[in-house]
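Single-letter residue listing:
2 protein chains.
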Amino acid sequence: MSQPLRLGIAGLGTVGTGVVKILRQKSVLLAERAGRAIEISAVSARTRDKDRGVSLASYAWEDDPVALATRDDVDVFVELMGGSDGPAKAAVEAALKAGKDVVTANKAMLAHHGQALAELAESTGAVLRFEAAVAGGIPVIKALTEGLAGNEIERVMGVMNGTCNYILTRMEDGGLSYDEAFAEADGLGFLEADPQLDVGGIDAGHKLSLLSSIAFGTQVAFSAVELEGIGSVTIEDIRQAADMGFRIKLLGVARMTGRGLEQSMAPCLVPANSPLGQLQGGTNMVVIEGDQVGQIVMRGAGAGEGPTASAVMGDVMDIARGLRVSTFGRPAGALKPAVPAMVSTPAPYYLRTALADKPGALAKVATALGEAGVSINRMRQYDHTNDSAPVLIVTHRTTRAALDQALAGMEATGVMMSSPVALRIEEV
Amino acid sequence: MSQPLRLGIAGLGTVGTGVVKILRQKSVLLAERAGRAIEISAVSARTRDKDRGVSLASYAWEDDPVALATRDDVDVFVELMGGSDGPAKAAVEAALKAGKDVVTANKAMLAHHGQALAELAESTGAVLRFEAAVAGGIPVIKALTEGLAGNEIERVMGVMNGTCNYILTRMEDGGLSYDEAFAEADGLGFLEADPQLDVGGIDAGHKLSLLSSIAFGTQVAFSAVELEGIGSVTIEDIRQAADMGFRIKLLGVARMTGRGLEQSMAPCLVPANSPLGQLQGGTNMVVIEGDQVGQIVMRGAGAGEGPTASAVMGDVMDIARGLRVSTFGRPAGALKPAVPAMVSTPAPYYLRTALADKPGALAKVATALGEAGVSINRMRQYDHTNDSAPVLIVTHRTTRAALDQALAGMEATGVMMSSPVALRIEEV
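Chains U and H are the protein sequences, given in the same order. For reference, each letter of the first sequence is one residue, going 1 to 428 in full-length UniProt numbering. For reference, each letter of the second sequence is one residue, going 1 to 428 in full-length UniProt numbering.
Please keep in mind that the hints were generated in silico from the structure rather than gathered at the bench. Keep in mind the model is a prediction, meaning the values are calculated, not measured. Each hint should be verified, as a subset may be incorrect.
No copy is singled out in the list; a pair is fine if it fits within one copy or between any two copies.
In silico lysine-lysine, DSSO-like type, Cα no more than 27 Å apart, as pairs [as the list claims (entries may be wrong)]: (1) K50 / K26; (2) K21 / K50; (3) K97 / K50; (4) K21 / K336; (5) K97 / K336.
When you get a sec, could you build the whole thing from the sequences and use the hints?
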C-alpha cells in the first residue's frame with residue numbers, strides 16, 4: 001500500500017466538521033477504496049476552542065490557513081472557509097504555489113479567480129478540485145468533466161440554489177407571498193448573511209459560470225452571467241404559470257451559440273411535468289445536454305453537512321487514487337476567453353402587466369407586440385380592479401431583442417399601469 | 001503532449017460505429033481535453049465488407065478479435081461485440097493478460113465473469129472499465145465508484161431496461177395489454193433476440209449486479225439476483241396502481257442488510273409523483289442512496305448509438321488522462337464474496353387475486369392474511385364476473401416471509417380462482 005495521503009483542512013464549520021467526521025468514521029472503508037490511508041495532519045479555523053462534536057486533539061492546529069496550506073506534512077489543502085478573496089484565496093494560492101493539491105467548496109472564489117487559480121495549479125503540477133462548489137452532493141463536475149468528455153455540450157441548465165427553490169415552492173404550495181416565503185426561509189436559517197447572494201441569483205450564477213467553463217472550454221466568466229433574482233415573481237405569476245402547466249424556477253441556462261456564450265440565471269417557466277418542473281423544495285438539479293448522450297438529469301441535495309462533505313470527499317478520494325484532471329477539464333492555457341452574448345436564443349416568453357381602464361388598451365398592447373414581430377400564443381385579460389386590469393400573455397418563440405422592442409412599444413402606448421414582467425419559458 | 005493513445009475496437013455494430021464516428025469527428029476537442037491524441041489503430045468485426053457510414057480505410061483490420069486485442073499498436077482494447085462468453089471474453093482476457101487496458105459495454109460478460117476479469121486486470125496492472133454496460137449514457141459507474149466514494153451506500157435502485165419501461169408505459173398511457181405492448185416494442189426493434197433478456201429482467205439484473213458490487217464491495221453475484229419479469233403485470237394492475245397513486249416499474253433494488261446482500265429485479269409499485277414514478281418511455285434512471293449524500297437521482301438515455309458511445313468514450317478519455325481505478329472500486333482481492341439474502345426488508349405489498357362467488361370468501365382471505373401477521377391497508381373487491389370477483393389488497397409493511405405465509409394461507413382457503421399476484425411497493 002502506498003504512503004498515506006495527508007490533508008490539511010482549513011475551515012471547521014458544518015462542512016469542515018462533516019469531512020473530519022467521515023475521515024474518522026470511515027477510515028478503513030476509505031483506505032480500501034483508495035488503496036492508501038487518508039489522514040488529517042493539521043486543521044485551522046477562526047476559533048480554536050469550540051465544541052464541534054468531534055475530537056481534533058490528534059491534529060496539529062494552525063491559526064493561519066496559509067501556514068496550514070504550506071506545511072510539509074500536508075499533501076492536500078482542503079479549503080472550506082469561503083469568501084471570494086481574503087484568507088481563503090491567499091491560502092489556496094500558497095498551497096498551489098507549493099505544489100500541493102487543493103480541494104475547495106468555494107464557488108465565489110472560483111467564479112472570480114478560477115482562471116488565475118487554474119493557471120497557477122498547472123504551473124506547479126498541482127490539481128485544483130471543486131465538486132462541492134456546485135450543486136452540493138451531486139457529482140456533476142465529475143460527470144461533465146469526465147463521464148461526458150466524449151460529448152460536445154449543447155446546453156447546461158440547473159436549479160442550484162435550494163433557498164430560491166424553497167421560496168418558490170412555498171409560494172406555490174403554501175399560497176404565500178414572496179415576502180412571506182422569504183421570511184419563512186429566513187426564519188429557518190436558509191438565507192446567506194447577504195440574502196441577495198441567494199434571491200438575487202448570485203450564488204447560483206457563480207455555480208453556472210463554473211459549469212459553463214467546463215462545458216464550453218471557456219475561461220470562467222461570471223461577470224457575463226445575466227442575473228435576475230426572484231424578487232419580481234408574484235404569487236399571481238406562479239398561479240398563472242401553474243394554470244398553464246408550468247412552474248417557475250430560478251433556472252441557470254448556459255449555451256454556446258454562433259454569437260458567443262449565453263449564460264443566464266433568471267426566473268423561468270418550465271413545464272410542470274418535466275424533471276425541472278417537478279423539483280420541489282430545497283433539492284438541486286442539473287441538466288446536461290450533449291450531442292451524443294442527449295439529456296442527462298442529475299438530482300440531489302444541494303447543501304448541508306453530509307452532501308457537501310460527500311462532494312469534498314469525492315475529490316479527496318480521486319486525489320488519493322491518483323486521478324489528475326485539469327481544473328476545468330482542459331489545460332488552463334487552452335481555455336478561450338468567453339465571448340459573452342446576450343441571451344437571444346429564441347424562446348416563448350410569459351408577460352404580465354396591468355392595463356388602464358381605457359377603450360382600446362388591449363388592442364394597443366397587441367399592436368405593439370405585432371409591430372415588434374412578436375406573435376401571441378395565449379392572452380388573458382382579467383376584470384378591472386382599481387382602474388387596472390391584469391393582462392397575461394404567452395408569446396410564440398421570439399428573440400429577446402424583438403421582445404425588448406415589443407416591451408418598449410407597450411410602454412410607449414401609455415395604457416400600462418405597471419412595467420411588464422417578462423419571464424422566459426425555457427424549453428426542456 | 002504525451003504519446004497518442006491507440007485503440008483497437010472490436011465490434012462495429014451501432015455502438016462501435018458510433019465510437020469510431022466520435023473519434024473521427026471530435027479528434028481536436030478530445031485531444032485538448034485528454035492532453036493527448038486518441039487514435040484508432042485497428043478494428044475487427046464479423047463482416048468486413050459492409051457500409052457502416054464511416055470510412056475504416058485508415059485502420060488495420062483483424063478478423064480475429066484476440067489478434068486485435070494483443071497488437072503491439074493497441075494500448076486500449078475496446079470490446080463492443082457482446083456475449084457473455086466466446087470471442088468477447090477470449091479477447092478481453094487476451095488483452096488484460098497482455099497488460100492492455102479494456103473498455104467494454106458487455107454487462108453479461110461482467111455479470112458472469114466480473115470477479116475473474118477484475119483479478120486478471122489487477123494481476124497485470126491493466127484497468128477494466130464498463131460505464132457503457134450500465135444505464136447507457138448515464139455516468140453512473142463513475143458517480144458510484146468515484147464521486148460518491150466517501151459514502152457508505154445504503155441502497156441502489158434502477159430502472160435500467162428501457163424496453164420494459166416502454167412496454168409498461170404503453171400499457172398505461174395507450175391502454176394496451178401486455179401482449180399488445182410487447183408486440184409494439186418488438187415491431188419497433190426494441191427487443192433482444194431472446195426477449196426474456198428484456199422482459200424477464202435478465203439484462204437489467206446483469207446491470208444491477210454490477211452496481212451492487214461497487215456499492216457494497218462484494219464480488220459480482222448475478223446468480224443471486226431475485227429475478228421476476230414483467231409478464232405477469234396486467235393492465236388492470238397498472239390501472240389499479242395508478243388509481244392509488246403508484247406506477248409499476250421493472251425496478252432493481254440492492255441493499256446490504258444484516259442478513260446479507262439483497263438484490264431484486266422485479267416489477268414494483270413506486271409513487272407516481274416520485275422521480276422513478278415519473279420516468280416514462282425508454283429512459284433509464286438510477287437512484288443511489290449514501291449515508292452522507294442522501295439520495296442522488298440520475299436520469300438519461302439507457303441505450304442507442306450516441307448515449308452508449310458517449311459512455312464508452314468517457315472510459316476511453318479517463319484512460320487517456322491517466323485515471324486508473326480498480327474495476328469495482330477497490331482491489332479485486334478486497335471484494336468479499338456476496339452473502340445473498342432473500343429480499344426481506346419489510347415493505348408494503350400490492351396483491352391481486354380473484355375470489356370464487358361463495359359466501360365468506362373475502363373473510364377467509366382476510367383471515368389468512370391476519371393469521372400470517374400481515375395487516376391490510378386497503379382492500380377492494382369488485383363485482384363478480386363469470387363467478388369470480390377481482391380483489392385488490394394493499395398491505396401495511398411486512399416481510400416477504402410473512403407475506404409468503406399469507407399467500408399460502410390464501411391458497412389453502414380454496415376460495416381463490418387464481419394464484420395471487422404480489423408486487424412490492426418500494427418506498428422511495
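- prompt: Where does the structure disagree with the numbered hints, that is, which hint numbers, in rising order?
  reply: Checked against the structure, the only hint that fails is number 3, while the rest are satisfied.
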